[in-house]
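Novice: Here's the letter readout for the chains.
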Amino acid sequence: MEYTPNELMVSQAARQLRNGEVVFVGIGLPNMACNLARRLHAPDLVLVYESGAVGARPDRLPISIGDPALVTNSLSVCSMFDIFSYYLQGGLIDVGFLQGAQVDRFGNLNTTVIGDYFHPSVRLPGSGGACEIAILARRVLVIAPQSRRSFPERVDFITSPGFVDGPQTRSRLKMPGQGPAMIITDLGCYEFQQGEMTLTSLHPGSSIEQVRGATGWPIRVAKELETTEPPAAEEIRIIREELDPAHLYI
Amino acid sequence: MQTKLMPMNEAISRFVNDGDTIVIEGFTHLICFAAAHEIIRQRRRDLTLCRLTPDLIYDQLIGAGCARKLIFSWAGNPGAGPLYALRRAVEQARPRSLELEEYSHYGMVARFTAGAAKLPFYPLRNYMGSDLPGVNPNIKTVVCPFTHEELAAVPPLNPDIAVIHAQRADEQGNAQIWGLLGVQKEAAFAARNVIVVAEEIVGEKVIRSDPNRTLVPALIVKAVVHEPFACHPSYAQGHYDRDNDFYLRWREVSRSESSFNAYLDEWVYKVKDRAEYVMRMGEQIARLRARQQMCGPVNYGY
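The listed protein sequences derive, respectively, from chains Z and R.
Residues in the first sequence are numbered consecutively from 1, following this note's numbering.
Residues in the second sequence are numbered consecutively from 1001, following this note's numbering.
FYI, nobody ran anything at the bench for these hints, they're computed from the structure.
Each statement offered as a hint is correct.
The calculated lysine to aspartate or glutamate pairs, modelled on EDC-like cross-linking and capped at a C-alpha distance of 16 Å, are:
hint : chain 1 : residue 1 : chain 2 : residue 2
1    : Z       : K174      : R       : E1149
2    : R       : K1004     : R       : E1200
3    : Z       : K174      : R       : E1150
4    : Z       : K223      : Z       : E191
Chain Z residues, not near chain R, derived (Cβ > 10 Å throughout):
hint : residue
5    : R18
6    : D94
7    : R148
8    : P204
Note that beta-carbon positions come from the ideal geometry of N, C-alpha and C, so glycine has one too.
Go ahead and model the full structure; you've got the sequences and the hints to work with.
Specialist: So, in structure tokens, the structure goes:
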């Protein structure tokens, strides 16, 4: 069955979520991945949104992180102080979902500026909750379309730290979370070995040469490189018919 | 007791001055566009605007030339792209330059919390490994006197004025909010003056029947404005839905200075007040009216 790169990334991300986990959900594709997982193998996934909704069961795709559909029928609605202090800093979040305009070799994410901070060539939205999610969530999943420009060796600005500059840095800086577990792009999936992004699974139809061409440094490749399982027909149906019928993201 | 009820134009002219630091909060929910439009109409200048997410509301204030500084944590049009008026101000100083002071969400929440509690700083386990402290000298570190660990610290934020939108309030300003609460309570208690804007004005008896729902008490409120649909294109849970089409269209409206200014002309400068805005919007607003989903009653008896 035909599928789009975004559908592939969403289905891959959904498969990383285990039933019963508590997920801090971001806008866009991460939101779709969580709601896909909830409809399939992880019905007891607890969705926590930075806007304050806990245990949300949105019956429509929230276009913003503060959609009213997140409130209706959720388990709890609390202030943002509660969400960031008690849930995130309090250690209740298993998985944080992030996106990045730039992703680098050590999994650092930039959503702040392209170029110099004080004279940017492009001004991006900034951190939102991403910085603290990257530091505090038990593990972090990242969805990002890959190109040489968006995957430089070093991001222009670290909004949300990954492994910063090496495998020991997170523990030296006493970051509670374990950092990025997987980066999912339109070419493949990457995990971290010695704090460095390593290609572990190649999507059907993409090649290692393509990956090298779309990465700003000599990318590590795992010894046992796998081929990504493409999205199943049922996953594609749920994405198209239930999660994004207006095709805002797919 | 004397009523604090007054029209929006009086509340803004009495409590918002040139050069003020102002917060109009509401995280996606309950963003009081009606107050911003009145500030634009009264041509307030040199404001320092505070908000976690500047959203369309501050894009409009910035593009109208009301602001000199923005204190924020996420500046985008949610789900729809950048805020073009803000970018024109930052990248080209049009219509004027804009100073930025930038945090993450938790940093902004912590600043309002310290401001509300009248503390000199708020500690948080955050920012290590990030470049944010390097570009914002207000993000510092502090050593815990008990564990000796190093924590991040941010200073209090105490705006001159907060505008808080509520689903219902009484004439004294006891304001009840449900749905997403954002940082409305922290922003209100941190501010020197508070304007409460409400979809519905109710008697004190209604407030007293459900005291747990009162987020902002009358004792910190200076003015109360009755303004239905004041949050459009944002939303009010139980009253009307978010106008997602408007947010998507804003991408085109705000992209050029001329279409941005044409919008302000048609929908702000040439509109007398919110009631006229709602009337002119007609079906575009009426179609957003919320369906009903009532909660079960609770027993406050003893």
